[in-house]
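Participant: Residues per chain, in single letters:
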Amino acid sequence: MKHARIAWAGAIHDAIEADSQLELLTPAFKGRRVGFDEVVWLPPLAPMPAHRPRTILALGLNYADHAKELAFKAPEEPLAFVKGEASLTGHRGFTVRPAGVSYMHYECELAVVIGKTARKVKRADAYDFIAGYTVANDYAIRDYLENWYRPNLRVKNRDTCTPIGPWRVDAADVPDPMNLALQTTVNGQVTQSGHTRDMIFDVPFLIEYFSRFMTLQPGDLILTGTPDGVVDCRPGDVIVTQIEGLGALENTIAHACE
Amino acid sequence: MNPSAATFLPDGAVYGTLLNFRHEQALWAARATEPPYKAPPQAPVLFIKTANTFSAQGAAIALPADVPEVEVGASVGLVIADFESFWAHPSVDGSHSAINLEATSALPRVVGCVLLNDLSVPHDSYYRPPVKFKCLDGFLGIGPRCVPLTEVGDLNTLKLEVRINGALRQTVDFGGLVRDAATLLADVNAFMTLRPGDVLMLGSDCLADGTRPRARAGDRIEISAPGFAPLVNTLVGESA
Chain A
1 MKHARIAWAG
11 AIHDAIEADS
21 QLELLTPAFK
31 GRRVGFDEVV
41 WLPPLAPMPA
51 HRPRTILALG
61 LNYADHAKEL
71 AFKAPEEPLA
81 FVKGEASLTG
91 HRGFTVRPAG
101 VSYMHYECEL
111 AVVIGKTARK
121 VKRADAYDFI
131 AGYTVANDYA
141 IRDYLENWYR
151 PNLRVKNRDT
161 CTPIGPWRVD
171 AADVPDPMNL
181 ALQTTVNGQV
191 TQSGHTRDMI
201 FDVPFLIEYF
211 SRFMTLQPGD
221 LILTGTPDGV
231 VDCRPGDVIV
241 TQIEGLGALE
251 NTIAHACE
Chain B
1001 MNPSAATFLP
1011 DGAVYGTLLN
1021 FRHEQALWAA
1031 RATEPPYKAP
1041 PQAPVLFIKT
1051 ANTFSAQGAA
1061 IALPADVPEV
1071 EVGASVGLVI
1081 ADFESFWAHP
1091 SVDGSHSAIN
1101 LEATSALPRV
1111 VGCVLLNDLS
1121 VPHDSYYRPP
1131 VKFKCLDGFL
1141 GIGPRCVPLT
1151 EVGDLNTLKL
1161 EVRINGALRQ
1171 TVDFGGLVRD
1181 AATLLADVNA
1191 FMTLRPGDVL
1201 MLGSDCLADG
1211 TRPRARAGDR
1221 IEISAPGFAP
1231 LVNTLVGESA
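From first to last, the protein sequence lines stand for chains A and B. Position 102 of the first sequence, counted from 1, bears residue number 102 in the working numbering, the numbering being contiguous throughout. Position 161 of the second sequence, counted from 1, bears residue number 1161 in the working numbering, the numbering being contiguous throughout.
Bear in mind the hints are in silico, worked out from the structure with no lab data behind them. The model shown is predicted, which means the values in this text are computed figures rather than measured ones. Warning: the hint list may mix true and false statements.
No farther apart than 30 Å at their CA atoms in a straight line, the calculated lysine-lysine pairs in the BS3-like style are these [as the list claims (entries may be wrong)]:
no. : chain 1 : residue 1 : chain 2 : residue 2
1   : A       : 122       : A       : 2
2   : A       : 116       : B       : 1132
3   : B       : 1132      : A       : 120
Next comes chain B alone, as it looks inside the complex (with noise of 0.2 Å):
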């Protein structure tokens, strides 16, 4: 994983985060109280993007047949640093961010930052995993390149924006985060080793109305931030 590679896919497991948004977990605080939650989430939740998910910047995303729109989950994935990264780079390692600072040295090392778009089938439960919502062939759009911490700056005060066809709807802002990077990554760490090469996804927000951008196929859905070079990905209806 050379993070100034071109298109960057990743070499680890790819863990995303659940309701880590200050205005979607309040929307759900009522909700969480009741079964079959019954508790609001006190680790964090989270779940696996497979690898059968995996699809590259500008790569076009099949929609099954029996899947019209699927929601939006725009987000980055801290990226946790390798050997390679290390003795290639390691002027880039992150050593001099905030994320690595505030970190013990029993937590990994974070190389980078990337840009990635969650598909899902939309759902209403967060009950079960969320496997055959989120595990679909192409459904995590990837890249198009690992920023290095250092290009990236603060990432509290980062803003995505995320257009269809063209039109803005949805800004991000990771001001807004219940565990901000560095504390995500210490309470994960916490219970799972997060290994070179494996990308944890800060989360993706609401809208106002508590969804999410949804798109069909034909859109284009493309995901930017500064310092970033933007997502892009078309959706396509899955041939027979």
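For reference, chain A alone in the conformation it holds in the complex (with noise of 0.2 Å):
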């Protein structure tokens, strides 16, 4: 199944997809259909409970071919860092490129929804703590890059800068997420093409990596990196990053109101 958050009609409802249309699960409305068209989509996660603020973690250089086109030589273990829940938005949603810099970039992920308290847990066992996946954009902006927390807070975790989704696709529907094609296009031209198969730290791994040290939460998320082929972003360019299976997630790039 897939499912959506969106704002609709004057308040925020969960959905799921059916026969290319918004099926509301609103009790007021449940059962409703609405066009892909008629609503505001939101990152599709439920919120967080109080006290308990969603954790974001996100690879770099988890693809070899991605690692070798920044002239790194490929990880030893993962690259990772945190992101803020305020960076995240939805389907259709603008980015807002800063005046004057000269090199902002999207990445496509396969992002992972955590389903069930995870810590500790054996590579082995480690599908089963997934709820399910969604398509993340994760965006850089190069030229604020420091080699301070690299990458620094300023490069990856700005507002509007981590689309997400339009779906959370059930963990059952997605038999094998290390066997996904991934694709960007850019104004309807291909510039990125990848394959889940090629990350240098797949899923299951990371999973048992992080909650070794790290109890994650349902609704925690993974974004397990990006392939090679990135290429700068201008305001008005439509960027489509797509998954295999779990959709086609569409941002515009926006310029900085001053």
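Assemble the dimeric complex from its two separately framed chains, guided by the hints.
Facilitator: Have a look at this one:
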């Protein structure tokens, strides 16, 4: 099943995909179908409980070809960083390109949504702890890179710079997340093609690695890195990051407001 | 988030700040120009203490078997105001404090401050994000309460004392900040918006020799400051 979270008719709703429409789960409108163009798409994630903000882990250099592209040797252990929830935005949203920067690029990534409390999980059991998957576009603004806790938050944790969605797809509907094609288009032209089988550290490894020292909770995210083929994005560009079986996440680059 | 609640835990993201004391920055001056850093940091260098690190006042913090000792980073966090605080406690929203007066209307309001014990596995390099050193379960002591800014007074004169098993190990003088609270808040918000419930740590200082106080299983760590109830956490060995 494909789950969405949308704003429609003055309220926020959970919905599922049904025959290329959104079927609302809200009791007052249960079963009502609305078109994809009638709604505002939010990140397809339930809110977190009080005093338990969402943990969003992300991977750098997790595809051998992207590591090479960026002139690094492949890492010997995951290059992990953390993002705040404020950087998330939904499908068909706008991402702001700051004025005066020279290199802002998308990163199409398989995002793992944790489904139950994960502590000291063994690789062989890792899939039991996954609720589902979605597509993330983890934009980076390379002008702001500094070699302190790199990639630093000014590059990676900006408002609007992590589109995610459109759907959260149940794990049961993704038999092998390590066998999915990824693709990004800019204004309809394919600029990035890759495959999740080329990850250096695969999803079960990452769940074992993180849960060894940090307990993950339902709703936490792991963004698993991006393959080769990132290019600069300009205001007005329409970026579509898509993953086989999960959907196509559309985003438009906007000018910064003065 | 009620600022007068007995035990405070954040609802939002907790951001830490690296190298925000002039003393530690000076110790790093030579190294900062060498690889892999190549240049001193320009924008604030931040890290995130994930929710699994939250330890309430009084909680025992378990050290994994392969972590014999930890560094203590004593700090205060600015707690960003939420709507509940505004409406329920208009007199303590901090509007009259120096931080909020200096801030423009575009910046978030700070409702108060909370003591923080930012624990780390000792590490020498600041090159890569410190997830495996700083995001271990329980590695952020918090509280016990969010003290309204109006009670805190001038943050630039705040001094924290760090005691381990009752012995004074460090005095942290917030007059020594590179970016004071108002400046840090403005510089961080220049690239990311802090949301209601988020916490922005002002940073922790090192000792004269560049290290931080270290503690082991069995140690009782107390962080205290005038106007704040002490933050106490005890380290324990992790049970198998």
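Participant: With reference to the structure, classify each hint as holding or not holding.
Facilitator: Taking the hints in turn, this is what the structure says about them:
1. At roughly 28 Å between alpha-carbon atoms, residue 122/A and residue 2/A fall within 30 Å of each other, so this suggested pair holds.
2. Annotation: proposed proximity of residue 116/A to residue 1132/B holds, straight-line Cα distance about 21 Å (limit 30 Å).
3. Of the supplied pair hints, the one linking residue 1132/B and residue 120/A holds, its CA atoms being roughly 14 Å apart against a limit of 30 Å.
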